[in-house]
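Residue numbers (the numbering used here), protein chains in the order written: chain P, 1317 to 1789; chain G, 61 to 290; chain C, 2 to 267.
Derived from the structure by calculation, the hints contain no laboratory data.
Being a predicted model, the structure only gives us computed values, none of them experimental.
Note that the Cβ used here is the ideal one computed from N, Cα and C, for glycine as well.
Treat the hints with care, since some could be wrong.
Here are the computed distance ranges between Cβ atoms for each label pair [to be verified]: (1) P:R1500 with G:E91: 34 to 42 Å; (2) G:D282 with P:A1618: 49 to 57 Å; (3) P:P1475 with G:Q162: 46 to 54 Å.
In silico EDC-like links for lysine to aspartate or glutamate, alpha-carbon gap of 16 Å or less [said to hold, decoys possible]: (4) P:K1345 with C:D204; (5) P:K1358 with G:D118; (6) G:K77 with P:E1584; (7) P:K1551 with G:E91; (8) P:K1345 with C:D200; (9) G:K96 with P:E1709; (10) P:K1478 with P:D1497; (11) G:K96 with P:D1371; (12) P:K1551 with P:D1413; (13) C:K155 with C:D172; (14) G:K77 with P:D1381; (15) P:K1345 with G:D132; (16) P:K1343 with C:D200; (17) G:K96 with G:D237; (18) P:K1345 with C:D101; (19) P:K1478 with G:E262; (20) P:K1421 with P:E1442; (21) P:K1478 with P:E1498; (22) P:K1698 with P:E1623; (23) P:K1358 with P:E1584; (24) P:K1476 with G:E262; (25) G:K79 with P:D1381; (26) P:K1513 with G:D180; (27) P:K1476 with P:D1336; (28) P:K1698 with C:D100; (29) P:K1756 with C:E255; (30) G:K79 with P:E1623; (31) P:K1421 with P:D1405; (32) P:K1421 with P:E1441; (33) P:K1421 with P:D1518; (34) P:K1551 with P:D1518; (35) P:K1698 with C:D93; (36) P:K1343 with G:E262; (37) P:K1461 with P:E1485.
Negatives, chain P to chain C, calculated, CB over 10 Å [to be verified]: (38) A1355; (39) T1364; (40) T1403.
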Amino acid sequence: MQTTSPSFPSNARQALADPDLQQALTKMKVGFVVNRANAVAKLPEFDTLRDEGRDIKNHVLSNLDTYLERFEAKVTENGGHVHWCRTADEARRTILDICRSVDAKTVTKGKSMIGEEIGINDFLEENGVTPVETDLGEYIIQLRKEPPSHIIAPAIHVPKEKVAESFFETHDQLDADRNLDEPRALVDEARSMLRQKYLDADVGITGANFLIAETGSTVIVTNEGNGDLTQTLPKIHIVTASLEKIVPTLEDASTILRLLARSATGQEFSSYTTFSTGPRRPEDADGPEQFHVVLLDNGRSALLGTEFQDILRCIRCGACMNHCPVYGAVGGHAYGWVYPGPMGAVLTPTLIGVDQAAHLPNASTFCGKCQQVCPMHIPLPKLMRHYRERAFERGLTPGTLRAGLKMWAFFARRPRLYQFFAGLKMRALAAAGRRRGRFKSLPLAGGWTRHRDMPAPQGATFQQQWDAAGGAR
Amino acid sequence: MTDSARARAQILGMIRKGKASQTPDGQSPDERIDAKRRGTIPARVDKDHAALVELFVDHATALSATVSRVDDESEIPGAVADYLAGENLPATLCAAPDPALQALPWDTRPALTVRYGRSDGADEVSLTPAFAAVAETGTLMLRSGPDHPTTLNFLPDTHVVVLRESQIVGPYEEAWDRLRAAGPIPRAVNFVSGPSRTADIEQTIQLGAHGPRRLHIVLVQDGEGESDGG
Amino acid sequence: MTLETENPRVGLFVTCLVDLFRPNVGFAAVKLLEAAGCRVSVPRLQTCCGQPAYNSGDRADTRAIARQVLDAFDGYDYVIAPSGSCAGMIRDHYPALFDDDPEQSPRAHHLARRTYELVSFLRDIRGMDAVDARYDGTATYHDSCSGLRELSIKDQPRHLLGSVDGLTMVDLPGAEVCCGFGGTFCVKYPDISNHMVEDKAADIEATGADLLLAGDMGCLLNMAGKLKRRGAAVQARHVAEVLAGMTNAPAIGEPGESLPQTEGDT
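Given these sequences and hints, build the entire structure.
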């Protein structure tokens, strides 16, 4: 997927001026946040489970090689295949080869962030295979040729009128007089449209919320049931998963599942949680004949043992973005790549490079809300700060900011000089601002005074006044 | 070496390199898998079996599933027919070829047409057994097999599930124990919590996105639950 | 109990924004600390905790500045800052800064253990139950992020404000939502910051309070500046000013005809 992360500031300005988006974000801030809080309040064990979830993932990350080998052995034992892919390109080619092996014309897809990360749809299309997204939100944005703006609610930015518009434009059989004013009618239209696609598809591709080492199972969590139709009806089921999705046992998955839906949508459990173990058995009446797991690294293994390892605990619940005031202001597209919000601000520089994504870890007030709600206790602000350090070391911090910082640090490291100049400056500022008490504009402070007044200082600095009063040193 | 094998070797190499700089946590993966240790089980399921049955019903109905309760399995055909009539649904079912379902006295309700097998997408109503149910969240556990095609759980508009009270357990972990005890893990294990739903259009919840719009549970009192201790 | 703990020696970490913009808060802090039995000094060789550098990824300058703080505040029983953000920096982040420095690391940990934000120190460590102050009006309180999430400052200011004569407190909806200041964030991403503080100001105005209180000058300058720009009648003060009964000086961003006095103006 092409990135627009380098133009985050202008993306953000556009987003702030988009009334549809702003309305959706306002609704989201109430919906997701209140629902999560209610769900957490109903489970007194929630915080204990968070600690356990973190410990499970940390244990897995310390033994990732062993668990992956165990998982692979189990998948093979069950009659499935594991394909190891270092890069997005390897993953795309692997998927295309599998599709070609059955001369696939259409592929249905469950929602998968890995699918977005490797840009599978465009690639399949370029190679003569038609991908059909089946998650309603993903389907809508596929019709609109847009990237997702949220990892669990990809079309959260699209108002229902625009959904109707897209359906009228693309559904050939749709009667022009059909009333698609309400969400119910839109859901029904998409349901009937996609029903035949499931039945016709040659290959179904889903993501995975978990991989289970004990059994070689892959797990998807959905509410719509689209993922299950996608993986049950076609001849081939391809699971795309990044390698950190693994957990040891069904019990471990159960512990983390108690955190996932509550953190994501505020549900206690999603409508469908499905554990898939290999292809159909000889005596089964249905299910795919082939079961493939495309296991993607794409830079993740390089994070092990580094200060960024903690991000590999992420379970993609979206709680960090649902609670982030910056995401809440600009939405997901402004971040310019697959993963938005705080988790995206850490993952994006990891996956596409800090030079492309330098803005993202900077675009945070470090308010800490993301870390507070993260079910896996990922210290997101700390990880963002590490990326700021990398950017600073590599000279990627914007020149004006760097120069300003350096000048400030020069004085901050020399207290006497600092206090002397601060005393002069504050007295002058106070004298200039005393009559109004504030400034409507100030040189070098345009970023501040464009939007708000700058309160004037009171006068002499505290240090000067303390001296004058003969205070203890 | 194939591309995948080369990639595999390189990825595992990277992982081991990263691992070298971490302190091992002292737990062996093999032991951990064998131990199948449970995490914290929510206290809400710390109840006797009768109370778990009620907890399951409360949670399932809160998720927009409907429940009808019968005292004996001979009453199942009647409960199914009544439910379909009450919802103005056709009296035609595609049912799982499950011996226990097939053995029910369907002839007591001659108006019902029952076909057994997988769904091809044309069926409006399906009928399946459950393997277990989790009271913790009102969740059904369905397992695939020759006697239970997975398509029945997702394609029809209305899914009717027969559940015996003795199949209700507290947490997911007890359902896993029962599944492991019943043999190798089946191809698909579906946890189903209420009907299909979506909030993808303007964050308003709509039932019946792609899967069933209605989930109806016929709960059979089979008096076997008490010995189970909850 | 030794004399030291009855009358501990406290080094006041003034914080750069209080030093430069709002000395009144520094004097209010001194007054409150003395009321709590502390002997207060203000080490001369202090400037800033280093957060602007730290949050911009400039670790070298941060460490140099932190070294200065370690030196300046050696030997005090407690180090107190009228800011959750600066106290959080010293408590939560200094130790990690010197992880790889065997000489400074124990000093950083020792300093971290002795450092507190003013109001939580008064309440939690000194056991202060009430203040001797009066303010006639209605106030609302914004929870600054660092204090709230790094130092669990939530009930302490509300408890002490409850003892101020004449003061009515009203809840601020979304009191825990960031105001959009974020240090350099507000000038690096001014449009986003503005969106956030605009929402915050609207929430503040909707409470009907005539005074906004918070425990961090950064957030207060941001919110007061926005309230003024919107033409709102709500005034803004640091919580310490009200707790110390030092509200004669004009509120933040309000005009004043005379330079403030050099001592607490109760």
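Hints, verified against the model:
1. P:R1500 with G:E91: 34 to 42 Å: 52 Å, violated
2. G:D282 with P:A1618: 49 to 57 Å: 55 Å, holds
3. P:P1475 with G:Q162: 46 to 54 Å: Because 50 Å falls inside the window, the suggested range holds.
4. P:K1345 with C:D204: Answer holds: K1345 of chain P to D204 of chain C is near 15 Å, not above 16 Å.
5. P:K1358 with G:D118: Cα-Cα ~14 Å, so holds.
6. G:K77 with P:E1584: 39 Å, violated
7. P:K1551 with G:E91: With a Cα-Cα distance of about 36 Å, the restraint between K1551 of chain P and E91 of chain G is violated, given a limit of 16 Å.
8. P:K1345 with C:D200: Measuring from Cα to Cα gives roughly 12 Å; hence the hint holds.
9. G:K96 with P:E1709: Roughly 45 Å separates the two Cα atoms, so the pair is violated.
10. P:K1478 with P:D1497: Holds, at about 10 Å.
11. G:K96 with P:D1371: 15 Å, holds
12. P:K1551 with P:D1413: 15 Å, holds
13. C:K155 with C:D172: 12 Å, holds
14. G:K77 with P:D1381: Cα-Cα ~10 Å, so holds.
15. P:K1345 with G:D132: At roughly 48 Å apart (the allowed maximum being 16 Å), D132 of chain G and K1345 of chain P break the hint.
16. P:K1343 with C:D200: 14 Å, holds
17. G:K96 with G:D237: The hint holds at about 10 Å.
18. P:K1345 with C:D101: 41 Å, violated
19. P:K1478 with G:E262: OK: K1478 of chain P and E262 of chain G at ~11 Å, within 16 Å.
20. P:K1421 with P:E1442: 12 Å, holds
21. P:K1478 with P:E1498: 12 Å, holds
22. P:K1698 with P:E1623: The hint holds at about 9 Å.
23. P:K1358 with P:E1584: OK: K1358 of chain P and E1584 of chain P at ~9 Å, within 16 Å.
24. P:K1476 with G:E262: Holds, at about 6 Å.
25. G:K79 with P:D1381: 9 Å, holds
26. P:K1513 with G:D180: 13 Å, holds
27. P:K1476 with P:D1336: Since the Cα atoms of K1476 of chain P and D1336 of chain P sit roughly 10 Å apart, the hinted pair holds (cutoff 16 Å).
28. P:K1698 with C:D100: 15 Å, holds
29. P:K1756 with C:E255: At roughly 13 Å apart (the allowed maximum being 16 Å), E255 of chain C and K1756 of chain P satisfy the hint.
30. G:K79 with P:E1623: 13 Å, holds
31. P:K1421 with P:D1405: 21 Å, violated
32. P:K1421 with P:E1441: 10 Å, holds
33. P:K1421 with P:D1518: Holds - the C-alpha atoms of D1518 of chain P and K1421 of chain P are around 7 Å apart, at most 16 Å.
34. P:K1551 with P:D1518: Given pair K1551 of chain P, D1518 of chain P holds - Cα atoms ~6 Å apart, limit 16 Å.
35. P:K1698 with C:D93: 11 Å, holds
36. P:K1343 with G:E262: Answer holds: K1343 of chain P to E262 of chain G is near 9 Å, not above 16 Å.
37. P:K1461 with P:E1485: 13 Å, holds
38. A1355: 18 Å, holds
39. T1364: 19 Å, holds
40. T1403: Non-interface label stands for T1403 of chain P: nearest chain C Cβ at 28 Å, farther than 10 Å.
When held up to the earlier numbered hints, the structure conflicts with 1, 6, 7, 9, 15, 18, 31 and fits the remainder.
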